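Start from the sequences and build out the full structure, keeping to the hints where you can.
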Amino acid sequence: MSENKPLVAVNNIEVIYDHVILVLRGVSLEVPEGGIVALLGANGAGKTTTLKAVSKLLQSERGEVTKGQIEFKGQDTKSLVPNQMVSRGLIQVMEGRHCFEHLSIEENLLTGAYTNKGGRQKIRDQLELVYSYFPGLKERRSSLAGYISGGEQQMTAIGRALMATPSLILLDEPSMGLAPQLVEEIFEIVKRLNTEEGVSFLLAEQNVTMALRYADYGYILENGRVVMDGEAATLADNEDVKEFYLGLGGGERRSYRDVKHYRRRKRWLA
Amino acid sequence: MDVVFFFEVLISGMLSGVMYSLVALGFVLIYKASGVFNFAQGAMVLLAALTFVRFLEMGLPIWLALSLTLLVMVVLAVLIEKLVLSHLVNQPLIILFMATIGLNFFLEGLAQGVWDSQVHGLDLGIEDVPLAAVEEVTGMFISVFDVVAAVIAGSLVLVLSIVFHKTKVGRALRAVSDDHQAAMSVGIPLDRLWAIVWAIAGVVALVAGALWGQRLGVQFSLSIIALKALPVLILGGFNSILGAIVAGLLIGSGEKLAEVFLGPYVGGGIEAFFPYVLAMLILFIRPEGLFGDKIIERV
Chain A
1 MSENKPLVAV NNIEVIYDHV ILVLRGVSLE VPEGGIVALL GANGAGKTTT LKAVSKLLQS
61 ERGEVTKGQI EFKGQDTKSL VPNQMVSRGL IQVMEGRHCF EHLSIEENLL TGAYTNKGGR
121 QKIRDQLELV YSYFPGLKER RSSLAGYISG GEQQMTAIGR ALMATPSLIL LDEPSMGLAP
181 QLVEEIFEIV KRLNTEEGVS FLLAEQNVTM ALRYADYGYI LENGRVVMDG EAATLADNED
241 VKEFYLGLGG GERRSYRDVK HYRRRKRWLA
Chain B
1 MDVVFFFEVL ISGMLSGVMY SLVALGFVLI YKASGVFNFA QGAMVLLAAL TFVRFLEMGL
61 PIWLALSLTL LVMVVLAVLI EKLVLSHLVN QPLIILFMAT IGLNFFLEGL AQGVWDSQVH
121 GLDLGIEDVP LAAVEEVTGM FISVFDVVAA VIAGSLVLVL SIVFHKTKVG RALRAVSDDH
181 QAAMSVGIPL DRLWAIVWAI AGVVALVAGA LWGQRLGVQF SLSIIALKAL PVLILGGFNS
241 ILGAIVAGLL IGSGEKLAEV FLGPYVGGGI EAFFPYVLAM LILFIRPEGL FGDKIIERV
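Protein chains in written order, with the working numbering: chain A, 1 to 270; chain B, 1 to 299.
Don't take each hint at face value.
[To be verified] Listed next, with one range per pair, are the computed distances between beta-carbon atoms: (1) Lys-78/A to Ile-224/B: 42 to 50 Å; (2) Ser-221/B to Leu-22/A: 48 to 56 Å; (3) Gly-136/A to Gly-154/B: 37 to 45 Å; (4) Gly-154/B to Gly-34/A: 52 to 60 Å; (5) Gly-44/A to Asn-90/B: 15 to 23 Å; (6) Ile-62/B to Lys-117/A: 33 to 41 Å; (7) Asp-191/B to Thr-209/A: 37 to 45 Å; (8) Gly-154/B to Lys-67/A: 56 to 64 Å; (9) Arg-192/B to Lys-67/A: 24 to 32 Å; (10) Pro-180/A to Ile-296/B: 20 to 28 Å; (11) Arg-62/A to Phe-6/B: 54 to 62 Å; (12) Gly-198/A to Ile-296/B: 32 to 40 Å.
[As the list claims (entries may be wrong)] Below, a list of computed lysine-lysine pairs in the DSS-like style, where the Cα atoms sit at most 25 Å apart: (13) Lys-168/B to Lys-138/A; (14) Lys-191/A to Lys-5/A; (15) Lys-73/A to Lys-5/A; (16) Lys-138/A to Lys-117/A; (17) Lys-138/A to Lys-166/B; (18) Lys-82/B to Lys-78/A; (19) Lys-5/A to Lys-67/A; (20) Lys-191/A to Lys-138/A; (21) Lys-73/A to Lys-122/A; (22) Lys-78/A to Lys-67/A; (23) Lys-168/B to Lys-117/A; (24) Lys-166/B to Lys-294/B; (25) Lys-166/B to Lys-117/A; (26) Lys-294/B to Lys-168/B; (27) Lys-117/A to Lys-73/A; (28) Lys-78/A to Lys-5/A; (29) Lys-117/A to Lys-78/A; (30) Lys-122/A to Lys-138/A; (31) Lys-191/A to Lys-122/A; (32) Lys-166/B to Lys-122/A; (33) Lys-122/A to Lys-168/B; (34) Lys-73/A to Lys-191/A; (35) Lys-138/A to Lys-294/B; (36) Lys-242/A to Lys-191/A.
Bear in mind the hints are in silico, worked out from the structure with no lab data behind them.
Predicted model only: the values in this text are computed from it and were never measured.
Every residue, glycine too, gets a C-beta built ideally from N, C-alpha and C.
Here it is, written out as structure tokens:
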């Protein structure tokens with residue numbers, strides 16, 4: 001995955017909330033141009049914090065990147081604010097959808113075009129493109145987003161992000177609270193957006209099975225550190241990943257003492 | 001019952017209700033754009049009116065005084081955003097509300113400290129006399145001033161409704177009021193939008209302050225007329241521009257009719273509290289107000 005220059009390079013960042021709570025310690029990762037990268041881990045491992053550090057939404061939660069740096073398209077993003085990230089082509093779809101409840105589906109989508117400077121016709125075209133990926137939304141375009149189903153809200157949230165014509169979408173927990181079939185449908189669309197529109201994805205997921213099936217590369221976070229990373233197929237084959245994240249135990253019970261022996265590679269020291 | 005008298009009370013009540021609408025509009029704007037009740041709106045009305053009247057007293061022509069006051073309100077909005085609001089993004093709404101309470105006292109003090117706390121007469125050049133044409137035809141006394149105020153309020157409502165529902169900025173503002181952080185995540189610059197909406201609220205405060213100032217004189221009690229706007233807000237819905245004007249008409253005519261036709265049976269003086277009774281009844285039946293956004297609950 002190193003033949004392309006990375007779109008996003010996170011180098012050894014440390015994130016502290018409220019000046020005292022250390023959430024990430026030395027997280028490094030890369031998203032190559034045109035890739036789908038999965039960020040895996042349990043609740044509280046630091047997936048959302050990592051995404052928000054990249055999208056700059058951390059600022060409004062009293063979180064701060066205290067060490068390390070984040071580069072987007074080769075440029076340090078330290079002094080940028082969220083709307084500048086969006087106009088540079090990086091947008092986050094937050095966990096839990098966060099649609100604007102009192103706006104219709106179409107109005108929700110149009111808010112995503114706020115930074116789109118292309119003019120009326122460009123925005124119309126982009127809207128049609130979004131509708132071509134989510135035909136269900138077109139049918140319900142005038143329904144208030146507060147009243148549509150969870151799956152439709154997730155699609156609205158992804159569609160809204162697409163309206164900004166991003167080169168990278170940070171997708172936080174798209175499977176949350178959705179039926180397995182819907183989750184699969186959404187991942188299929190993500191894959192299509194990746195291959196057909198060339199949008200890269202950084203995906204935070206607890207549903208490791210699903211994420212590794214669609215991603216090219218994965219990072220596993222535990223307690224604010226990257227404990228393992230590799231090609232998706234390699235990760236899916238790893239015994240520890242199988243046992244702890246995919247629920248595919250090796251058969252007989254093992255003593256807890258014998259497990260959890262990841263090779264912790266400190267990539268930033270290499 | 002005397003029909004002419006009834007209509008005279010009804011119409012002049014509606015027109016005075018429009019004056020409440022003007023104040024209520026300022027609240028609605030900020031509520032729509034941030035989901036917070038701006039306690040300081042009354043103080044902004046006072047500050048705007050006082051600034052305007054003092055500029056006039058310095059001998060400036062009315063257009064210059066008006067533009068200078070507008071400038072002051074815009075600068076004030078930018079400062080409020082930079083110094084207060086920008087530090088409170090994504091905090092619970094009650095925190096923002098508390099900040100506006102603080103702001104209220106600060107602005108009241110500032111207005112009276114910079115200018116003074118005397119009562120100033122304000123003459124906008126609009127006469128507060130009965131409209132001759134209407135008087136001739138129907139025999140009703142309808143004040144020219146009231147009609148002018150109603151026209152101004154009506155056009156403000158029209159313009160603001162268009163801004164909120166037809167423009168990109170308006171859509172973004174409504175998005176912000178639903179979810180601050182989601183709005184930031186799609187690239188809406190919260191700081192700029194808040195400065196814009198506080199500036200518009202400042203302009204509306206100036207219009208309200210000037211019109212009320214001519215009626216009552218520019219003085220401290222202007223900051224209390226905000227309380228008159230409360231029942232209008234509850235009746236119309238906190239986030240409805242149209243609601244502000246319709247509720248203003250209802251409250252204005254309601255309180256005058258109640259005073260004239262109901263008052264004598266209960267000893268009079270019910271005009272002062274009648275609107276609040278009306279507002280309370282509405283809260284029982286329809287807590288979001290007549291035109292407010294539906295409260296969406298997912299279960």
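Here's how the hints hold up against the structure:
A C-beta distance of roughly 48 Å is found between Lys-78/A and Ile-224/B, which places it inside the suggested range of 42 to 50 Å. Taking the beta carbon of each, Ser-221/B and Leu-22/A are about 54 Å apart, inside 48 to 56 Å as hinted. Gly-136/A and Gly-154/B have their C-beta atoms about 41 Å apart, which keeps the hinted 37 to 45 Å range intact. Our hint of 52 to 60 Å for Gly-154/B and Gly-34/A holds, since their Cβ atoms are close to 55 Å apart.
Against the hinted window of 15 to 23 Å, the Cβ-Cβ separation of Gly-44/A and Asn-90/B comes to about 20 Å, which satisfies the hint. Checked against the given bound of 33 to 41 Å, the beta carbons of Ile-62/B and Lys-117/A, roughly 40 Å apart, stay inside it. Against the hinted window of 37 to 45 Å, the Cβ-Cβ separation of Asp-191/B and Thr-209/A comes to about 42 Å, which satisfies the hint. Here the CB-CB span from Gly-154/B to Lys-67/A is close to 58 Å, well matched to the stated 56 to 64 Å.
For Arg-192/B paired with Lys-67/A, a C-beta distance near 31 Å keeps the hint of 24 to 32 Å intact. Evaluation of the 20 to 28 Å hint for Pro-180/A and Ile-296/B yields a pass: the beta carbon distance comes to about 27 Å. Our hint of 54 to 62 Å for Arg-62/A and Phe-6/B holds, since their Cβ atoms are close to 60 Å apart. Against the hinted window of 32 to 40 Å, the Cβ-Cβ separation of Gly-198/A and Ile-296/B comes to about 36 Å, which satisfies the hint.
At roughly 20 Å between alpha-carbon atoms, Lys-168/B and Lys-138/A fall within 25 Å of each other, so this suggested pair holds. For the suggested pair Lys-191/A and Lys-5/A, the alpha carbons sit about 21 Å apart, so the restraint of at most 25 Å is met. About 8 Å separates the Cα atoms of Lys-73/A and Lys-5/A, which keeps this hinted pair within 25 Å; it holds. Between the alpha carbons of Lys-138/A and Lys-117/A the distance comes to roughly 23 Å, so the proposed pair stays at or under 25 Å and holds.
As the CA atoms of Lys-138/A and Lys-166/B are separated by approximately 20 Å, the hinted pair is consistent with the 25 Å bound. Under the criterion of a C-alpha separation no larger than 25 Å, the hint pairing Lys-82/B with Lys-78/A is consistent with the structure, at around 20 Å. Restraint check for Lys-5/A and Lys-67/A: satisfied, since their Cα atoms lie roughly 23 Å apart, inside the 25 Å limit. For the hint pairing Lys-191/A with Lys-138/A, the CA-to-CA distance comes to about 21 Å; that is within 25 Å, so the pair holds.
Under the criterion of a C-alpha separation no larger than 25 Å, the hint pairing Lys-73/A with Lys-122/A is consistent with the structure, at around 24 Å. For the given pair, Lys-78/A sits about 11 Å from Lys-67/A by alpha-carbon distance, which is consistent with the 25 Å threshold. Using a Cα cut-off of 25 Å, the hinted pair Lys-168/B and Lys-117/A holds, with the two alpha carbons roughly 12 Å apart. Between Lys-166/B and Lys-294/B the alpha-carbon distance is near 20 Å, which keeps this suggested pair within the 25 Å criterion.
At most 25 Å may separate the alpha-carbon atoms for a hinted pair to count; Lys-166/B and Lys-117/A meet this at roughly 18 Å. Of the pairs offered as hints, the one joining Lys-294/B and Lys-168/B holds, with about 22 Å between alpha carbons and a cut-off of 25 Å not exceeded. Of the pairs offered as hints, the one joining Lys-117/A and Lys-73/A holds, with about 20 Å between alpha carbons and a cut-off of 25 Å not exceeded. Distance hint between Lys-78/A and Lys-5/A is fulfilled; the C-alpha atoms sit about 20 Å from each other, no more than 25 Å.
For the proposed pair Lys-117/A and Lys-78/A, the alpha carbon gap of about 24 Å is at most 25 Å, so the pair holds. The straight-line distance between the Cα atoms of Lys-122/A and Lys-138/A is roughly 18 Å, inside the 25 Å bound, and the hint therefore holds. The suggested pairing of Lys-191/A with Lys-122/A holds, with an alpha-carbon distance near 24 Å, which does not exceed 25 Å. Taking the CA atoms of Lys-166/B and Lys-122/A, the gap is about 18 Å. The hint holds against a cut of 25 Å.
Distance restraint check for Lys-122/A and Lys-168/B: the Cα-Cα separation of roughly 15 Å lies within the 25 Å cut-off, and the hinted pair is therefore satisfied. About 22 Å separates the Cα atoms of Lys-73/A and Lys-191/A, which keeps this hinted pair within 25 Å; it holds. Straight-line distance between C-alpha atoms of Lys-138/A and Lys-294/B comes to about 23 Å, which keeps the hinted pair within the 25 Å bound. A threshold of 25 Å between alpha carbons decides the hint, and for Lys-242/A with Lys-191/A the separation of about 23 Å falls inside it, so the pair holds.
The structure shown violates none of the earlier numbered hints.
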